[in-house]
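Please work from the sequences and hints to get the whole structure.
There are 2 protein chains.
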Amino acid sequence: MRRLDVAFSPLGLGPPDVQGRTVFVLDILRATTAMCAALHHGARALIPVASTEEALRLAQTIGSADVLLAGEKDCVRIPGFALGNSPLEMTEQTVRGKTLIVTTTNGTKALLAAQGAAAVYVAAAVNLTVAGERARQALEEHRDVLILCAGREAVFGLDDAYCAGRLAIAALGGRKPRRGLNDAAIASLDLVRRYGDNWARPLSYSRAGRELARLGFGSDVLDAARMDAYPVLPQFHERRVTPAHQTPAQTQVASQPQLHPLPQPQPS
Amino acid sequence: MRRLDVAFSPLGLGPPDVQGRTVFVLDILRATTAMCAALHHGARALIPVASTEEALRLAQTIGSADVLLAGEKDCVRIPGFALGNSPLEMTEQTVRGKTLIVTTTNGTKALLAAQGAAAVYVAAAVNLTVAGERARQALEEHRDVLILCAGREAVFGLDDAYCAGRLAIAALGGRKPRRGLNDAAIASLDLVRRYGDNWARPLSYSRAGRELARLGFGSDVLDAARMDAYPVLPQFHERRVTPAHQTPAQTQVASQPQLHPLPQPQPS
Numbered sequence: 023m024r025r026l027d028v029a030f031s032p033l034g035l036g037p038p039d040v041q042g043r044t045v046f047v048l049d050i051l052r053a054t055t056a057m058c059a060a061l062h063h064g065a066r067a068l069i070p071v072a073s074t075e076e077a078l079r080l081a082q083t084i085g086s087a088d089v090l091l092a093g094e095k096d097c098v099r100i101p102g103f104a105l106g107n108s109p110l111e112m113t114e115q116t117v118r119g120k121t122l123i124v125t126t127t128n129g130t131k132a133l134l135a136a137q138g139a140a141a142v143y144v145a146a147a148v149n150l151t152v153a154g155e156r157a158r159q160a161l162e163e164h165r166d167v168l169i170l171c172a173g174r175e176a177v178f179g180l181d182d183a184y185c186a187g188r189l190a191i192a193a194l195g196g197r198k199p200r201r202g203l204n205d206a207a208i209a210s211l212d213l214v215r216r217y218g219d220n221w222a223r224p225l226s227y228s229r230a231g232r233e234l235a236r237l238g239f240g241s242d243v244l245d246a247a248r249m250d251a252y253p254v255l256p257q258f259h260e261r262r263v264t265p266a267h268q269t270p271a272q273t274q275v276a277s278q279p280q281l282h283p284l285p286q287p288q289p290s
Numbered sequence: 023m024r025r026l027d028v029a030f031s032p033l034g035l036g037p038p039d040v041q042g043r044t045v046f047v048l049d050i051l052r053a054t055t056a057m058c059a060a061l062h063h064g065a066r067a068l069i070p071v072a073s074t075e076e077a078l079r080l081a082q083t084i085g086s087a088d089v090l091l092a093g094e095k096d097c098v099r100i101p102g103f104a105l106g107n108s109p110l111e112m113t114e115q116t117v118r119g120k121t122l123i124v125t126t127t128n129g130t131k132a133l134l135a136a137q138g139a140a141a142v143y144v145a146a147a148v149n150l151t152v153a154g155e156r157a158r159q160a161l162e163e164h165r166d167v168l169i170l171c172a173g174r175e176a177v178f179g180l181d182d183a184y185c186a187g188r189l190a191i192a193a194l195g196g197r198k199p200r201r202g203l204n205d206a207a208i209a210s211l212d213l214v215r216r217y218g219d220n221w222a223r224p225l226s227y228s229r230a231g232r233e234l235a236r237l238g239f240g241s242d243v244l245d246a247a248r249m250d251a252y253p254v255l256p257q258f259h260e261r262r263v264t265p266a267h268q269t270p271a272q273t274q275v276a277s278q279p280q281l282h283p284l285p286q287p288q289p290s
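Taken in sequence, the protein lines are chains X and W.
Counting in the working numbering, the first sequence runs from 23 upward without gaps.
Counting in the working numbering, the second sequence runs from 23 upward without gaps.
If you're looking for bench data, these hints aren't it; they were derived computationally from the structure.
Note that the Cβ used here is the ideal one computed from N, Cα and C, for glycine as well.
Be a bit skeptical, because a hint or two may be false.
DEER-style ranges, computed between Cβ atoms [stated by the list, open to error]:
1. Gln137/W with Arg118/X: 51 to 61 Å
2. Gly34/X with Gly238/W: 40 to 50 Å
3. Glu75/W with Gln137/X: 31 to 41 Å
4. Arg223/W with Gly85/X: 55 to 65 Å
5. Ala140/X with Asp250/W: 47 to 57 Å
Computed footprint of chain X on chain W, listed as stretches where at least three residues anywhere in the stretch have a Cβ under 8 Å from a Cβ of chain X [as the list claims (entries may be wrong)]:
6. 50-57
7. 170-182
Chain W is nowhere near these chain X residues, computed Cβ spacing over 10 Å in every case [to be verified]:
8. Ser73
9. Gln82
10. Val98
11. Ala183
12. Asn204
13. His259
The structure is reproduced here in C-alpha cells:
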C-alpha cells in the first residue's frame, strides 16, 4: 500500500521513522526557501550544521575563500556570519560558486533528523512543482514518502503544515485517498482546502510569518510565497545539500561540481 | 493579552509551558472520554499512572476492595485489569463509589505532562459544553489557557485536534481572533471549519478511530462522538481526577467524597 505521512515537527522522530523512506524537509520560513534560492543562484553546495560553533569550526577546517557562513538565531543573522537566513540575500552575485555552511534554528535540525532516509530533498513554495514531481515519482516507485516539517521550535507551524498539504496534493497527483495517509497528512490537506491556492495567507497568519514581519523581514515572507520562483530540487546527501541529479528520464548532468572533502563531524 | 494555545502532543512540553496556566487535556479516543463516563457514573476518583507496574503497585498499596484497575495497551485491556479503556465499560453498576487506577497509552502521559499547571481539566466531546464554559471563564479571568492533546503515540491526532478546535471555539465564546492564538490553535479552528459540527467524521477519519473500528471498538468511537453525553468536568489535582468543584457562581458541593490517601510515587 502507498504510504504518505506528514510529520509536523522532527520532535520524537527516530531513525526507524525515516529509514529507507523518501523524505521531503520543509521550513518555508525561511531555511528551505533560502536553500532553494542559493542553489538556484549557483551556490555549489550547502552544508547544514547544528550549531554556530560547528559552523565556525567547519569553516576553519575547510579554510577556503569559497566558503560563506550563513545562519540565524531568533531570525537574526549570527554575528560574524556573511549571510543570514533570508532568501533575498542569496543573490547570484553573492553565492555563485560558493559553499555555504548553514545553521538555522529549525530547518537545519529537521534536515539532520532526516539522516538515514533513502533520499532527503528540500522543499518550499519556491520549488513546489519540481519537489512535487519528485514526490509523485517516489510515491509511485517506492510507495513511501515522509514530508517532514521543521515546525517552530519543534512544535506545529501553520506555514509548514500548509506547505506540506500542497506538496502532498502534488505527490498524490490529484487523487484524494485517506487510506495510506496519517492524521497529519489528512489535516494538511484540510488546511489547503481551507486556504486554497493562496500561499500568502497561511504564511502571514503563521506565528513565524508574523514574527518575521515584526522584525522587518516582511519581504522574506512575500518571497517565500512566490511559487516556483527558484525551481531547483535540493538534495541532502552525505551531509551536503546540492541540486539533485535529474530524473532518469532526463539526461544525467555531465559534470558534477567539484565538492570540498568534508571532515568527519567532531563531538562538540 | 489573552493567550490560547493548543499543543498537538505533550512531546517537547516542559514545565515552563504549563506552569501557572489552565490546561485542558484531550484524548477523545478514548482516555478522556472514558474518564468523563466513569465520573459521570459515580466513580469516586481516577488515579492516572504511567505504567502497568505502577498501577499494580499502587493498587496493592491502597489495598481496598473499592479500587479497580483500568487501562489499555495498544487499545486492548491490560491482562488482569478489571477494565479496559472503553467509555462503555464505565457503567454506574461497575464504577459507582470506586477508585479507578488508570493507565493508557497516550492519555495518561498527557495528564502527567500537565502537572505543575494552575489547574488541569479533562475534556472530550462528551463534556464539551461544561469544559468549554470553564475554558471561557479561565480565559477571561486568567487570560492564559492551554489545550493539550494527547496525540497518537505523541504525534498529531486528527481526533484530538478537531476536539481542540471545538473547545477553543467555546473558550473564545464566538470571537475569532488570530491574535493570542498559536499556530496549532489556528489550525484546530480551521479543522472545525472543515468538518463543521459533525464529531463522527473527524473521529472516524482519524487513525485512532480507524484502528478502534478495526479492533471491534467501533461503538466506542460512536460513544466518544456523543456531545455532552457525560456532562461532568473532571479535574486533575494532587495526582487524582475528580469532579471539579462547581463554579463560584454555583453552590459549593457540601461534602466532598472521602479520598484514599495516596502514597508518594516510587521511583520505578
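Evaluation of the provided hints:
1. Gln137/W with Arg118/X: 51 to 61 Å: At roughly 54 Å between Cβ atoms, Arg118/X and Gln137/W fall inside 51 to 61 Å, so the hint holds.
2. Gly34/X with Gly238/W: 40 to 50 Å: With Cβ atoms ~29 Å apart, the hint is violated.
3. Glu75/W with Gln137/X: 31 to 41 Å: 35 Å, holds
4. Arg223/W with Gly85/X: 55 to 65 Å: 59 Å, holds
5. Ala140/X with Asp250/W: 47 to 57 Å: 48 Å, holds
6. 50-57: violated (count 0)
7. 170-182: holds (count 7)
8. Ser73: 19 Å, holds
9. Gln82: 33 Å, holds
10. Val98: Its Cβ never comes within 10 Å of chain W, the nearest being 21 Å, so this holds.
11. Ala183: 6 Å, violated
12. Asn204: With a cut-off of 10 Å, Asn204/X comes too close to chain W, as the shortest Cβ separation is near 6 Å.
13. His259: Per Cβ check, His259/X is outside 10 Å of chain W; nearest 26 Å; holds.
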